Amino acid sequence: MAEKNVLNIMLAFVSLVQDRNIAEPIHYSDVVGQPYTAIQTNEAAIIAVQRQLADNPLAGVFLVCSEKVKTFDAPKTEEYGIVTHINFLKKRLIEADSRLSDKIIELNYYDDLDNIEESMRNVTEIAGSIMNYAQEHPNAEIRLYADMTGGFRYNSTMMLAIMQLLQFNGIKLGKVLYSDPAKKKVFDATSLLGLFNLISGADEFVRFGSVETLQDYFQDAPKTQDLDNLLQAMQRFSDAIKMCRTSIIKDELRTLHVYLQAFKENHGSTLQENLFASIIMTLKNEYGSLLEGEATEFDIIRWCERKGFLQQAMTLCTEWLPGYLVKHKIAYTDNPGIILACEQEGRKTGRNWQQYFLTVYSKTGIEVDNSSARPMSLADLLKASFLSASSGNKNFGTLKVERYPQLAAFFQELKNADYDFILLKSKKMKYQSFENQYPMLMKVFHAIYNVNCRNSNFKRSFMDYLLNTTLEKTLNSLAVLSPQVLYELFEIPASDYTEESKETESKPEIFMDIDEKWQKYMNRYHALYKNGQLKSSLRYNDMLNCLKEYFQIRVERNQINHANTEDITSVTEIREMISGTLNHWKSIVP
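Residues 436 to 1025, numbered by the numbering used here, are exactly what the sequence shown covers, in order.
Treat the hints with care, since some could be wrong.
Unchecked claim - Listed next, the in silico EDC-like pairs over lysine to aspartate or glutamate satisfying Cα-Cα at most 20 Å (straight line):
hint, residue 1, residue 2
1, 525, 508
2, 677, 655
3, 952, 984
4, 505, 490
5, 619, 465
What the hints assert, rightly or not - With beta-carbon atoms standing in for the labels, derived distance ranges:
hint, residue 1, residue 2, range
6, 952, 865, 37 to 47 Å
7, 559, 517, 28 to 38 Å
8, 952, 567, 29 to 39 Å
9, 487, 567, 19 to 29 Å
10, 892, 843, 32 to 42 Å
Hints in this document: simulated from the structure, not taken from any laboratory. Remember, predicted model here, so these are calculated numbers, not experimental data. All residues carry an ideal CB built from backbone N, CA and C; glycine is no exception.
Turn these sequences into a full structure, and let the hints steer you where they fit.
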């Protein structure tokens, strides 16, 4: 991929021209290797950047002007006569470098900083003007240079806010300069903004486990080997968490602990490393036991839950909690044959033996679903038609939709309701109007809602459910309803399904609701426990409670990872489920 063309731009808050500087101009002996004489205080920094950029000079100079700068006259001079402060600066800049003649862009600023709200509006408007410039040049990389010299009250604070906004929106930072007329020198103050980036990067790692901002900050800075090792260890831990690489997370934490200690004891003497070392203890405090080198699996899960990495937390629970149940004899087996069988079969599907034992193993070995070998029932055909429709397929196989008027009406209404359903959810269409126009579709919504209400986790009102579902979810939800509910919903004649074999009542797990799934698992646990293959140091019901807590986390994790038909569990409930399970198990283990 070809590199983008770089467009360099500069931002400056324009100062008023002072009488004293006209009488005694400021002589800078070294502005990028050459002398320069300035009168207005912004001149030196702008010319310094222009000289430094050489063959790729400034493509735009954004001069932020107060009302005084734009409308009041600067002190009179023989050379320019009577001109405004902004025109005085423009003449000086163009005189110094004629390439700037068509590059100057004036931005208004209302210098009423007693009104904080107005000041913030100014900040966003100035940043917005530069963002508009960037959007006009979509194929270029915009690089911003900034002059922190002079300007209005609180100029530095506002300049920092603007630069942060622009960086957030993809503008690259060149340099931040400051002209000191007293010392007659132009200083590079880029490291000042870099300090904010360093703090932001450390905060980002503390809060979200992300290292990108820190890597950017140290990218061009000289680094000791200890710092480089630490940054790489932070990156590997971040990647392991993001990708849920459960097999290496604990090792990466131990490595991070080692390199953190090494950096703390032997960091370099550069400004950047000293600054990073000064905030590293906050990082250590936030990560707590995770960076002590002996983090437990519970510690890591709790950290993920606390940081909002709920999918990672549930995945870690799914893979690690069986080991805890077995290790602490909450639910375990000590039968060598079973352990070996579970290890061998678990390896085929990426499970450890404890996970395979608690989620799959049965006394008869591997359970086989033979449902695909039997003829499809009418309920199967109905469910297949709903799933086909949800993916845009109108081929319903051997199902004769027209034979069932309610079913045909449903599919027709579904086809017509797409836009009107959006209007209903946007409250641009009245509920009664929608119900009158799509009666069969509303009947389906009510049926699904009533089934969902059987789940104790489902707390929504019907209208809340309706406004948060989709037509695709509705089709997927129909595919998991029981055959009898479907037959009654679409008024299927009993004669069309009463002769079906009782075998068709057996459902694959995907079509079971949560209570049915748990009943299936509970039956298996009961059989294993009865035969002495599943053991516990707890009473049977206490063991079963722990297994159910693990089961519920697995179900939620699978619903998030796959095409869940209804979002019925909130983030708060998932967090409580995870923390409640860990707290409960901790309380029963000596």
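Outcome of the hint check:
no.	hint	result
1	525 with 508	14 Å, holds
2	677 with 655	26 Å, violated
3	952 with 984	13 Å, holds
4	505 with 490	31 Å, violated
5	619 with 465	9 Å, holds
6	952 with 865: 37 to 47 Å	39 Å, holds
7	559 with 517: 28 to 38 Å	35 Å, holds
8	952 with 567: 29 to 39 Å	55 Å, violated
9	487 with 567: 19 to 29 Å	26 Å, holds
10	892 with 843: 32 to 42 Å	34 Å, holds
Consistency note: the structure conflicts with the earlier hints numbered 2, 4, 8.
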